[in-house]
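Peer 1: Chains A and B, in that order, are what the protein sequence lines are. To get the working numbering, take the position in the first sequence, counting from 1, and add 127. To get the working numbering, take the position in the second sequence, counting from 1, and add 127.
I should point out that these hints are in silico values taken from the structure, not numbers from a laboratory. Mixed in with the good hints there might be a few duds.
Heads up, the list lumps identical chains together, so a pair's fine if it works in one copy or across two of them.
Said to hold, decoys possible - Lysine-lysine pairs mimicking DSS-like chemistry, simulated, CA-CA at most 27 Å apart: (1) K389 - K184; (2) K201 - K154; (3) K294 - K552; (4) K547 - K201; (5) K225 - K236; (6) K552 - K140; (7) K225 - K172; (8) K552 - K172; (9) K184 - K290; (10) K154 - K290; (11) K398 - K225; (12) K184 - K140; (13) K236 - K290; (14) K294 - K172; (15) K236 - K184; (16) K172 - K201; (17) K140 - K547; (18) K154 - K398.
Note that this is a predicted model, so its numbers are computed, not measured.
Okay, here's what each chain looks like letter by letter:
Protein chains: 2
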Amino acid sequence: MSQLDDSVRRIRKGAAVLSASSDDVRKRALLLMADAIDAERAAIKEENAADVSAAEKEGISDALLHRLVFTDSKIDSAVLGLRELAGLPDPIGRVREKRELDPGFILEKRTFPIGVIAMIFEARPDALVQIAGLAVRSGNAAVLKGGREAGRTNRILVSIIRKATEKIINGEWILGIESHEDVNAVLGMEGLIDLIIPRGSNSFVRYVMDHTRIPVIGHSDGICSVYADASADIDMAVRIFIDSKTQYPAACNAAETFLVHKDIAPSLLPKIGEAFRSLGVVIHGDEETRHFIPWAVPASEEDYHTEYLTLECAVKVVNSIDEAIEHIASHSSHHTDAIVTSDEDAKRRFFQEVDSADVFANCSTRFADGFRFGLGAEVGISTSKIHARGPVGLDGLMTTKWLLSGHGETVAEYSGPDGKPFHHKELM
Amino acid sequence: MSQLDDSVRRIRKGAAVLSASSDDVRKRALLLMADAIDAERAAIKEENAADVSAAEKEGISDALLHRLVFTDSKIDSAVLGLRELAGLPDPIGRVREKRELDPGFILEKRTFPIGVIAMIFEARPDALVQIAGLAVRSGNAAVLKGGREAGRTNRILVSIIRKATEKIINGEWILGIESHEDVNAVLGMEGLIDLIIPRGSNSFVRYVMDHTRIPVIGHSDGICSVYADASADIDMAVRIFIDSKTQYPAACNAAETFLVHKDIAPSLLPKIGEAFRSLGVVIHGDEETRHFIPWAVPASEEDYHTEYLTLECAVKVVNSIDEAIEHIASHSSHHTDAIVTSDEDAKRRFFQEVDSADVFANCSTRFADGFRFGLGAEVGISTSKIHARGPVGLDGLMTTKWLLSGHGETVAEYSGPDGKPFHHKELM
């Protein structure tokens, strides 16, 4: 048995302890984690500075560097985030269904932690703190693999978190892993690890999905679109197009494709062209779009399947809401799609027929986020239709058990022509 | 593109139609299905008789033959089942969460059908009717593969169901497939099929899980156990042991292992020995068990990992509830495990610490069933911790969408030091 295997087995025991721990213990653990990170910030920043200088020597991009640096204000937010998680209602033991099968014979469906969750994420130290906090709040043990560039920062954070909680959680519940070999070993640990949540590049998430039989929650692509309906308010559409594309273009919930109803193309597209040109957004447009935005690059079919993640987008004029919905069905990655409209029927159809995790009307696609949704925090965004869809907070980290309490009931009594009937009385 | 591929693409279009159809349309479709099966019962029975006589020539087992025969009373139950499904509340569009992010900026999480579900099941014609009914009620299109022996019966049932609903559902939503090649092709249809629910032998379910990247809900093993605690009522324990083992030994929710606390072994085990001997149940017992039931076969470690599915079981004496819980953790398939106890603390610990889909107190494991649970019907029982766990009814066939309705909100307004705060007011 490898050392890693041994560690994960210990974590699995710790998961049982955490799962059986009271709400109060998990709350106090979160507050102890917050206090410890706050108290040890000098040491954390020292390790982080070493990570940053090594990354700079390797010529890391500015965007990645920005994510890697653990500033005082980011540490403040991380500490505050843990304290806020402590204030959220306990997700364990919630009654989802309650039914009397026969007088005094009570069935309940209650929430319980999933067990051991492996989370693989990018080089953001604040992500590690948030994910560890979600694990404690939800009663799940966590195997964490952060970005390589944040290695020293992650190591000290895991060590501080472990030490802070070991007095009140009688078991190991957090394990940091670092190498690609360890990640590959984890992918093979069916039966020891219950769920994998990968974040990162499309190709990495796809790699994880292809190399494990453990359930995976995540998304590989984020091809989000905004459709401006015939009835759209022009100024609102301009505002939403700009925010969806440019507020943070590298995010998975940034829009890549804009669809414009032909009736408002003459009034909307010139304004979009002007706004996007001044913001430096490259437009790939179809012929109709280029009629109104002559400087747009001709779009190929490929452009409508592209997740640019930069100041670049594809624009297409459509003849109807049907064509917009059809385009989304065949091109979107079913992450987040929005309509701008003042027609309630159009909104209703879009909400009904667009089959994506997040379907929005009259607001930016960038709202697709666990914090903005009020979930407390998120471990990621799921484009799977199974288990959890969209931003995944505490809820997505829970499973359920059916608990049935009787007084000696047998199925034989309820079987055959003379068997007792069930009365199935809903108790909630 | 193969013919099957083409058919599944048509079904996928039908899924969108079914998903957008009203509650009333889906209810009427179920009643039309019920009427048509009722009206065509002579033709159905003729096809079934042909299946039965072919199966008899092939020397099918009595148990399988019993499942295959579609008697008038089974047809009556199937028809009644469809009418009952029509009476269940609409599972589509239920609001699971509702929150105001800021005044007038409303987020809802609502249920929607998953899409196209492939279900592979045994040679029971009533299963086909029930599964087709669950698909219509939940708004999902269905690809159905029944047992080979029921081929003619399944073909006429699919044809009757399709014809009965085509007047009110404007699209193809049900597809019967028959060959192993078609099943293998379906396993590769990622993106066209959203979920696979296999039922059947352990090795078959495992084969499906190993050969597809489409999510699978199901269970491979059903090693269920009953633990008689020190405080158990002896007569109740005997009754529950007998029902759990013998009421229908071939079912996945029948018990395979019995654990007995050492303090009640002297009073319980002789009675169990007597009862099981008279019912023809073979006992594999540990040394302590054989002290009280001398005719028991010595148990090997392997016996505690065996799903007998016949009148055979493993019995073990344990020193404590801890040992019982530990045994279940390392041997159970986490399907259904029960405790017999009169001690509330023991029950609470068992409910908390046993990590199985169904955890019961003072009743038979055989209650683990969608109909008995009051779910209306079930497509199967899941031992996965993800998405659906235990008996899977309409709820397990739904996914959710996050619907966000605004008035032009951008993330930029809510960002940075001067950004507006979210007020995240719960509306339910």
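Peer 1: What hints, given by number in increasing order, does this structure fail?
Peer 2: 1, 3, 6, 7, 8, 9, 11, 12, 13, 15, 17, 18
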